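Colleague: Chain by chain, the residues run as shown.
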Amino acid sequence: MPSNKRTSWGKASLGLKATAVGALVFLNFPVLVIFLYAFTTESAAFTFPPPGLTTEWFVKIFDRPDFWRALGLSFQVALIATTIAIVLGSLIALASYRRSFFGREVLSLVVVLPIALPGIVTGIALRSSISLLGVDFSIWTLVIGHATFCIVTVYNNVIARLRRLANSQIEASMDLGATSLQTFRYVILPNIATALLAGGFLAFALSFDEVIVTTFTAGQQQTLPIWIFSQLLRRVTAP
Amino acid sequence: MIAASSAPSVAVRFSGVSRHFGAVKALDNISLDIYDGEFFSMLGPSGSGKTTCLRLIAGFEQPTAGSILLNGRDVVGVPPYDRDVNTVFQDYALFPHMTIGANVGYGLMIKKVPKPQREARVAEMLELVRLPGVANRKPAQLSGGQRQRVALARALINQPRLLLLDEPLGALDLKLRQEMQIELKAIQQQVGITFVYVTHDQEEALTMSDRIAVFSQGKIEQIGTPATIYETPATPFVAGFVGTSNVISGELAQRLTGQKGMFAVRPEKIKLCPPETVAPEESCQALGVIRDVVYLGMHTRYLIDLDRNGDLVVIEQNLDATSMSVLDAKGRRVKVVWAREHNHALIDTGGGA
Amino acid sequence: MTALQPSPSAPPRSFLHRVGSYFYAHPNLTLALMLLLPVVWLVVVYLGSISAMMVQSFFYIDDFSGRIVREFSLDTYQELFTPSNIDIVLRTVGMAAAVTVVSALIAFPLAYYMARYASYRVRGLLFLGVMLPLWSSYIVRVYAWKLILADEGIVTWFFNVLGAGGILDAILAIPAIGGRSLSFSFLGMFIVFVYIWLPFMILPINAALERVPKSLIEASGDLGAKPRATFMNVILPLAFPGVIAGSIFTFSLTLGDYIIPQVIGNSSYFIGGVVYVHYGTSGNIPLAAAFTVVPIVIMIGYLLIARRLGAFNAL
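Residue numbers (my numbering), protein chains in the order written: chain U, 1 to 239; chain A, 240 to 592; chain P, 593 to 907.
One or more of the hints may lead you astray.
The calculated lysine-lysine pairs, modelled on DSSO-like cross-linking and capped at a C-alpha distance of 30 Å, are [as the list claims (entries may be wrong)]:
id: 1; chain 1: A; residue 1: 458; chain 2: A; residue 2: 499
id: 2; chain 1: A; residue 1: 574; chain 2: A; residue 2: 508
id: 3; chain 1: A; residue 1: 569; chain 2: A; residue 2: 508
id: 4; chain 1: U; residue 1: 17; chain 2: P; residue 2: 806
id: 5; chain 1: A; residue 1: 377; chain 2: A; residue 2: 350
id: 6; chain 1: A; residue 1: 377; chain 2: A; residue 2: 414
id: 7; chain 1: A; residue 1: 458; chain 2: A; residue 2: 264
id: 8; chain 1: A; residue 1: 499; chain 2: A; residue 2: 510
id: 9; chain 1: P; residue 1: 806; chain 2: A; residue 2: 377
id: 10; chain 1: P; residue 1: 818; chain 2: P; residue 2: 806
id: 11; chain 1: P; residue 1: 818; chain 2: U; residue 2: 17
id: 12; chain 1: P; residue 1: 738; chain 2: U; residue 2: 17
Listed next, the stretches of chain U that the computed footprint assigns to chain A, with coverage defined by at least 3 CB atoms under 8 Å from CB atoms of chain A [claimed, not checked]:
id: 13; segment: 113 to 119
id: 14; segment: 168 to 175
id: 15; segment: 187 to 198
Calculated from the structure, these hints are not laboratory results. No experiment lies behind these values; they were computed from the predicted model shown. Even glycine gets a Cβ: it sits at the ideal position worked out from N, Cα and C.
Can you make the complete structure from the sequences, with help from the hints?
Modeller: Have a look at this one:
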């Protein structure tokens with residue numbers, strides 16, 4: 001763990017600080033803008049400064065059942081996809097971190113591919129398969145798409161953590177009478193728990209917000225981002 | 240254990256064991272017996288195969304050839320958790336996410352010993368290693384020496400027939416190390432089980448062991464009691480590795496002893512006398528110049544350049560000399576004398592010190 | 593303390609115990625079993641779909657019937673390599689490269705500050721500041737920019753307040769970058785792209801910078817290097833894999849995005865938009881597939897280079 005003392009690194013120059021702050025502001029002010037416009041009175045409110053403030057939009061949104069359906073679907077998909085990603089990502093990480101086997105390098109490349117290739121590629125590819133196999137669009141078509149690109153976030157976190165695990169811990173556990181399954185449960189799992197959580201968290205966020213692959217695998221269903229998109233296309237300001 | 244027969248029972252028997260990693264021979268045709276209840280050390284430099292030997296006993300590795308018997312039972316292929324053996328690791332390998340109590344009681348938890356009994360045994364073990372009351376702390380909160388003792392407690396709680404220790408004292412400072420050596424020996428005698436101890440520190444091995452096996456390059460050079468190993472080394476390697484020694488061969492050997500072959504003589508057995516001293520006929524003697532003097536507190540080490548090629552290391556206790564006076568000796572002419580009986584013939588294995 | 597008794601006989605072997613031992617004794621089988629599910633998923637489902645799609649790029653659309661002819665042909669690729677289509681590809685790649693470079697330039701100082709100078713608490717706040725935008729929806733953020741960049745939006749207002757309205761018009765008049773208004777121009781798209789992908793660049797760079805051991809920096813100083821030299825010779829090279837890792841995201845995400853071009857401009861000029869149109873509306877699946885082959889080839893090449901440069905350890 002890096003030490004908390006920062007003194008030996010010296011003080012940052014003013015220019016560095018300014019740039020850093022500038023970047024942060026750049027990142028966050030649109031979010032503020034969103035908040036601002038969420039409370040604006042008029043509907044075609046592209047003008048700045050905004051004419052007035054109100055919360056009526058929120059009320060309207062919460063009244064609509066399709067909003068809640070979309071929200072629910074997003075949540076479900078994210079949850080299931082994250083769970084699958086955790087299982088698959090951990091399996092690959094556990095298999096790869098110590099033993100070298102035929103195709104290991106290729107595998108690590110393939111794991112990254114879903115997130116490195118543009119979403120549209122994945123989206124179209126899956127859509128093609130869906131129509132080829134004659135499968136109906138369902139929550140499972142969504143889940144398959146999402147889980148695939150979520151695997152890598154879990155894999156990266158877990159394998160980094162596993163590489164820091166001293167081999168002697170596993171040997172010690174087996175030496176004291178635990179089988180490999182028991183060793184996994186009592187020694188390995190507690191050690192990778194935080195990595196799993198971090199990876200899963202990121203996966204959930206990625207899945208929840210994803211729109212491109214989702215568009216292709218959803219059919220008539222709407223997840224929250226798709227819903228928002230459709231709303232925006234009709235020029236209604238949404239929070 | 241009813242000692243019906245006088246022959247001690249064999250806790251570990253290696254027969255023709257080899258461990259190859261591809262072309263590298265970590266162990267080459269090793270055979271040894273370790274007896275029940277003894278403190279057995281495996282001594283050697285890095286890469287000599289002693290740790291590999293230990294890992295074979297523990298079950299973390301399998302031999303490429305040969306058989307290993309633990310208490311008469313062939314254990315080749317048996318996983319570590321099915322062997323009646325426990326290990327104290329070099330880096331202690333304490334589980335950082337568990338308390339000390341959970342660490343020590345791990346073996347019992349696996350065996351599903353009920354909690355109250357488990358806790359009682361844990362407390363007992365911590366008493367044994369003189370660390371009462373730390374059960375609720377985490378390993379990160381303890382010092383190195385304390386962690387080492389927790390590792391010991393964790394291994395002993397399972398009452399194994401055999402305890403393996405892989406250079407456990409390496410990370411401790413000198414004083415602490417010496418204390419722990421005495422403690423370990425005491426615990427071993429108290430508890431009565433077989434200890435197999437791996438170290439590269441020959442002094443440690445000499446202090447603690449009932450018997451020592453000296454390893455070099457995958458082979459065993461000699462097995463014997465500390466005294467045997469020290470006083471009568473069998474090969475040049477042993478002579479050089481265990482304590483300092485003078486290995487004399489070839490022409491010098493011929494001249495000094497009148498015999499062919501290689502032999503060793505310990506530095507402390509050699510006396511320094513003024514050059515004109517007349518020494519007894521049967522003793523070995525030679526003339527030379529003191530080339531270097533190293534003052535070591537308790538004793539002083541001299542490097543003598545013999546007149547007729549070769550040099551010897553001589554160690555003398557500083558009985559009544561001070562540092563100044565011994566350093567003065569540099570450059571002086573001396574005669575080295577030692578009794579013939581202190582020469583020990585060596586088997587030339589080619590693996591010189 | 594009495595001497596310990598020899599251990600009691602081992603408890604009867606449970607089923608799990610035997611299963612565990614079996615796995616222990618057969619490590620290769622265990623490995624294969626562990627990898628079975630993920631590999632099937634990744635290879636069959638994912639790679640399979642992509643290959644199926646790439647295969648389609650070798651089919652072609654029959655001009656008369658408008659239907660897909662499932663015979664091997666390079667016609668579609670010929671169509672791909674027409675000047676206007678190549679133009680699209682080049683424009684997209686150019687945009688992706690520009691976005692990557694500028695993102696890196698903006699991200700680096702912030703990541704640097706976070707890794708080196710911020711105290712523990714401040715670093716947590718900064719992290720929050722970087723991650724917070726990711727928590728609002730991507731779509732919403734893009735639209736926020738549309739509002740910001742609109743003719744009646746914040747940026748125009750800002751320029752007008754400064755009396756610099758003329759400058760803004762001048763920028764918009766520049767042929768390649770400008771457009772009708774900021775919210776409908778390449779410049780606008782560029783700004784939004786940089787904005788949206790910025791966190792993905794900051795995080796890997798920060799991680800890589802944090803991993804530079806303090807002792808190396810101290811050693812460099814000890815050997816006589818001034819801070820700038822230490823930065824150029826020690827810190828930058830070691831943090832570079834992080835930059836590459838971040839660039840994988842920015843490059844690939846820009847390459848395939850069709851939403852931002854659609855919202856902030858004319859999407860028909862970008863690969864993402866073109867693919868979307870060809871696939872959905874005109875049903876020209878082979879051409880769409882052929883177009884997607886371009887980013888696939890580019891990204892795989894990019895990934896291989898990136899792996900050589902050590903980026904995978906920085907992801």
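Colleague: Looking at the structure, which of the earlier hints fail to hold?
Modeller: 13
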